[in-house]
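Asker: Construct the entire structure; sequences and hints are all you get.
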Amino acid sequence: MNPVNRTMPSEIQDFYDRCTTGLANQDDTQACISFVKAELPRLLLNKALFVGLMENIVNRQGYPDAKRPTVFDNEIPLFVHPDGLFSLRLYLWGPEEFTYPHDHNSWGVLGAVSPGFEVINYRREDDGSREGFARLSESERFLLGAGETCHTLPFDDGIHITGNPDDSAVLSLNFYGRVLPRGYLYRFNIHKQRAYRVYPPRRKKEILAGQALEFLRRGL
1 MNPVNRTMPS
11 EIQDFYDRCT
21 TGLANQDDTQ
31 ACISFVKAEL
41 PRLLLNKALF
51 VGLMENIVNR
61 QGYPDAKRPT
71 VFDNEIPLFV
81 HPDGLFSLRL
91 YLWGPEEFTY
101 PHDHNSWGVL
111 GAVSPGFEVI
121 NYRREDDGSR
131 EGFARLSESE
141 RFLLGAGETC
151 HTLPFDDGIH
161 ITGNPDDSAV
171 LSLNFYGRVL
181 PRGYLYRFNI
191 HKQRAYRVYP
201 PRRKKEILAG
211 QALEFLRRGL
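The numbering of the sequence shown is the working numbering, which starts it at 1 and goes up by one.
In short, the hints are calculated from the structure, not lab data. Some hints here could point you the wrong way.
[Claimed, not checked] Okay, the calculated beta carbon distance ranges per label pair:
no.: 1; residue 1: K192; residue 2: N25; range: 42 to 52 angstroms
no.: 2; residue 1: T29; residue 2: F215; range: 35 to 45 angstroms
no.: 3; residue 1: T21; residue 2: E214; range: 41 to 51 angstroms
no.: 4; residue 1: S34; residue 2: S139; range: 14 to 24 angstroms
no.: 5; residue 1: F215; residue 2: P82; range: 36 to 46 angstroms
Ideal Cβ positions, reconstructed from N, Cα and C, are used throughout, including at glycine.
Answerer: Pasting the structure below:
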């Protein structure tokens with residue numbers, strides 16, 4: 001995605017520019033998180049900005065591009081840095097809608113545009129040495145008000161569920177740092193103590209096509 005698209009609202013462009021400058025030479029994860037936590041609430045509390053974004057999505061016009069394939073079906077990328085330094089993503093939550101438990105390949109700052117965005121963090125109790133097995137326990141939870149943020153970390157330090165416990169729609173805005181080169185997320189089944197790899201849409205199709213091709217060739 002072109003981060004300087006002319007249809008991008010100036011508030012988001014300004015935020016992009018500040019993050020480009022503030023994070024360009026910063027390698028300390030906690031310093032990056034602190035910087036974004038200080039900057040993000042300016043966007044989160046700009047109600048007029050999100051009214052405009054929702055109108056564009058409803059009318060299928062302009063910015064942002066709601067048709068872009070993503071791992072989560074309620075996710076809309078607002079910008080992706082061309083060098084992979086960071087990205088900003090909008091999430092639309094229906095009533096009582098939550099993600100499955102999952103980890104991340106980067107650090108991130110999660111923010112509430114509207115009140116009622118919930119984040120439930122989990123601690124991994126096993127050592128991760130058994131592929132497909134994971135034992136998790138809840139460690140903390142946050143119910144964020146408008147403009148409030150929390151953060152996540154890569155891999156086992158960032159396992160959580162996010163979503164909306166209320167009966168009306170909720171918006172969240174998440175900022176993620178540079179993606180570490182693992183190539184997939186883990187989706188967890190807490191009760192069955194299972195962990196499953198989740199690939200980006202295009203990569204998932206390639207993997208499934210390869211598996212299907214192997215199966216089909218057996219009959220030739």
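Asker: Each hint should be assessed against the structure and marked as holding or not.
Answerer: Do the hints match the structure? See the list:
1. Roughly 44 angstroms separates the CB atoms of K192 and N25, a value that falls within the hinted 42 to 52 angstroms.
2. At roughly 43 angstroms, the beta carbons of T29 and F215 sit within the given window of 35 to 45 angstroms.
3. With their beta carbons about 48 angstroms apart, T21 and E214 fall inside the hinted range of 41 to 51 angstroms.
4. Hint check: S34 to S139, Cβ distance near 21 angstroms, so the stated range 14 to 24 angstroms holds.
5. Separated by about 39 angstroms at the C-beta atoms, F215 and P82 satisfy the suggested range of 36 to 46 angstroms.
Of the numbered hints listed earlier, not one is contradicted by the structure.
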